[in-house]
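Listed here are the chains, written in short residue letters.
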Amino acid sequence: MTRRKQLDRREFLTQSGRMVGGVSIFGGIIGLFGKQAASMPAYAIRPPSALPEEEFLGACIRCGMCVRDCPYDILHLAELQEEVALGTPYFVAHEIPCEMCEDIPCVRNCPTGALDRDMEDIEKAEMGIAVLVDHETCLNILGLRCDICYRVCPVMDEAISLERIPNLRTGSHAIFVPTVHSDRCTGCGLCEHACPLPVAAIKVLPETIAKGQLGEHYRLGWEEKEKIGGSLVTPDKEHEYNLPEGFQYDLTGEGLTGPSVDN
Amino acid sequence: MARNVVGEAAIKEKGWIRSHKWLIMRRISQLSIIALFLLGPLASIWFLGDLEEEFWIIKGNLVSSVVLDTVPLTDPFVYLQTLFAGQAFEITALIGALIVAIFYLLVGGRVYCSWVCPMNIVTDTAGWLRRRLGIKKKCDSSPNIRFWVLGMAMVLALISGTLLWELVNPVTLLQRSIFYSFGMGWITVVGIFLYDLLWSRNGWCGHLCPMGAFYSLLGKFSLLRVRVAERSACDDCMDCFTVCPEPQVIRPALKGENGEGPVIDRSQCTNCGRCIDICGPDVFTFGGRFNNK
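First to last, the sequence lines map onto chains A and B.
According to the numbering used here, the first sequence is numbered sequentially starting from 31.
According to the numbering used here, the second sequence is numbered sequentially starting from 214.
It is possible that some hints are incorrect.
Restricting the straight-line Cα-Cα distance to at most 25 Å, the calculated cross-link-like pairs of lysine to any residue (SDA-like) are [claimed, not checked]:
1) 241/A with 192/A
2) 433/B with 49/A
3) 468/B with 486/B
4) 351/B with 43/A
5) 65/A with 400/B
6) 65/A with 372/B
7) 65/A with 374/B
8) 351/B with 40/A
9) 350/B with 41/A
10) 350/B with 48/A
11) 65/A with 399/B
Here are the simulated distance ranges between beta carbons [claimed, not checked]:
12) 50/A with 449/B: 29 to 39 Å
13) 51/A with 454/B: 24 to 34 Å
14) 65/A with 352/B: 28 to 38 Å
15) 250/A with 252/B: 53 to 63 Å
16) 404/B with 61/A: 18 to 28 Å
17) 234/B with 55/A: 39 to 49 Å
18) 252/B with 194/A: 49 to 59 Å
19) 251/B with 50/A: 36 to 46 Å
20) 351/B with 41/A: 15 to 25 Å
21) 349/B with 131/A: 57 to 67 Å
22) 404/B with 58/A: 16 to 26 Å
23) 82/A with 231/B: 55 to 65 Å
24) 404/B with 65/A: 16 to 26 Å
25) 50/A with 444/B: 30 to 40 Å
Listing some non-contacts, in silico: residues in chain B with all C-beta distances to chain A over 12 Å [as the list claims (entries may be wrong)]:
26) 236
27) 240
28) 245
29) 501
If you are wondering where the hints come from, they were derived from the structure by calculation, not from laboratory data.
Note that the structure is a prediction, hence the values are computed from the model and not measured.
We put the CB at the ideal spot given by N, CA and C, even for glycine.
When you get a sec, could you build the whole thing from the sequences and use the hints?
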């Protein structure tokens, strides 16, 4: 009787050990695979008001409610062969961009808050940031007045403006550079979708890729000036030159002049 | 008495319909749940007569949905993962998960497996074909692995802060694929079918699936149970053991081992009712858990 019990225990331990071992290895593989799967490709854009990517992957329950509620059938749940984490919603701007519905139906029924249901203003969305990535093919920069990205932008004149610079090639024309302002751009992708080039020169990218960061110690003089309402430094005193008699020094003009310099 | 076909005796005694009653009901249940989800805005035409106002009877998928735009339903297994991931203590999902949990607390957790989950159709078919083809190869793994896999899924969520298991979960993958679109998801489903068919009897649902393990724990004290009503009528034909997806649950109650039974109160029982169907002398019946004498 005792012998049998001991055997049972041994059997139990080896069996449990095998199970725990197997399951741990399996778990490790999933963990490594998950790390790879968690990196979003740059072309994939989450629905508006999505949590930051890492939190999103913990909160999104993959029910597809947002997919059902999108009136334009833009959103799509990632399938097995795709590069986005399995079952999570995204869209690809150059295929079909976000139409920026004012009532934002896609976020209203999210059961877990992976999308912020209380978002009020679609213009506050930060799905990504459009970047004029190719200055060599952009028709506007080549000197034409394409302006399409500027005109389709739902936050027109604020998210994309046309900044004029002289066209040095012709010497007599202007170049209207489409310029994205990241604080107003929602990342909807209408500009990328509308770009007439076979491959768009303007693309929506994740903020982490699209944005640089200014060192914290930088102060923009013109902004500081505006804040204070005047010059930041005390004005220079008139400089006094200690020159021999008859000599003058003109800082912006002729330089040193005097009675006998030319001789 | 040697028989080729399992269940022949039951068919002879009760007729085909009565010996497949619960199986047919389960298929109707599984398919109509899928149909309700897929019906989608078509419901507007049938009930309202126009398509202006979109109207869904149930929207979402089996992981999370809303019924008639009001009642939320959330799968407590996936919801638990989001909690372990440190996310989403969100009231809608919480209410939805509670409603679903209470339902399965009453009727038996694994009712989800046998009456709702579409994967059940895949693995049942594999099991049926296996019997038909007489494939005997089996891999003697413990049906308890799934509890470790369940633990692993939660630990993975806890460590990573994301739903790692949902990156590979074939059950939710299949459900999503049906309701949205199939990509390469087919491969996983075919893989499970072949695994169940060629390698291990009830290999997925009966041994590995952590959702089954979760629902099994959830339904530990459920009210609805299969009951051995006529222990003396059993003629030891073994048909119930052959068709049961969790055959280990039958013996204690049927044979009265260790004073167990007549209620099958092992939580791994899926309440599928196949044993009731397949039994010629009608040994089994559905009953309450307290009717245990």
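Would you say the C-beta atoms of residue 65/A and residue 352/B sit inside 28 to 38 Å of each other?
Holds: the Cβ-Cβ distance is about 30 Å, inside 28 to 38 Å.
Residue 245/B remote from chain A - nearest C-beta pair above 12 Å
Its Cβ never comes within 12 Å of chain A, the nearest being 19 Å, so this holds.
Is residue 351/B close enough to residue 40/A, meaning Cα to Cα at most 25 Å?
24 Å, holds
Is 55 to 65 Å respected by the C-beta to C-beta distance linking residue 82/A and residue 231/B?
The hinted range 55 to 65 Å holds for residue 82/A and residue 231/B, with Cβ atoms some 58 Å apart.
Compute the least Cβ-Cβ separation between residue 501/B and chain A, then decide whether it is above 12 Å.
Non-interface label on residue 501/B holds, nearest chain A Cβ at 33 Å vs cutoff 12 Å.
Please verify whether residue 65/A and residue 372/B have alpha carbons no more than 25 Å apart.
12 Å, holds
Is residue 240/B truly not at the interface, in the sense that its beta carbon sits beyond 12 Å from all beta carbons of chain A?
The claim holds: residue 240/B sits with its nearest Cβ about 25 Å from chain A, beyond 12 Å.
Is 15 to 25 Å right for how far apart the beta carbons of residue 351/B and residue 41/A are?
At 19 Å between Cβs, range holds.
Assess, step by step, whether the Cα of residue 65/A is no farther than 25 Å from the Cα of residue 374/B, and give holds or violated.
11 Å, holds
For the range 30 to 40 Å, tell me whether the beta carbons of residue 50/A and residue 444/B fit it or not.
Since residue 50/A and residue 444/B have Cβ atoms about 38 Å apart, the given range 30 to 40 Å holds.
At the C-beta level, are residue 51/A and residue 454/B separated by a distance inside 24 to 34 Å?
30 Å, holds
Mind checking the alpha carbons of residue 468/B and residue 486/B for me, to see if they're no more than 25 Å apart?
Holds. Residue 468/B to residue 486/B sits at ~18 Å (cutoff 25 Å).
Consistency note: the structure conflicts with none of the earlier hints.
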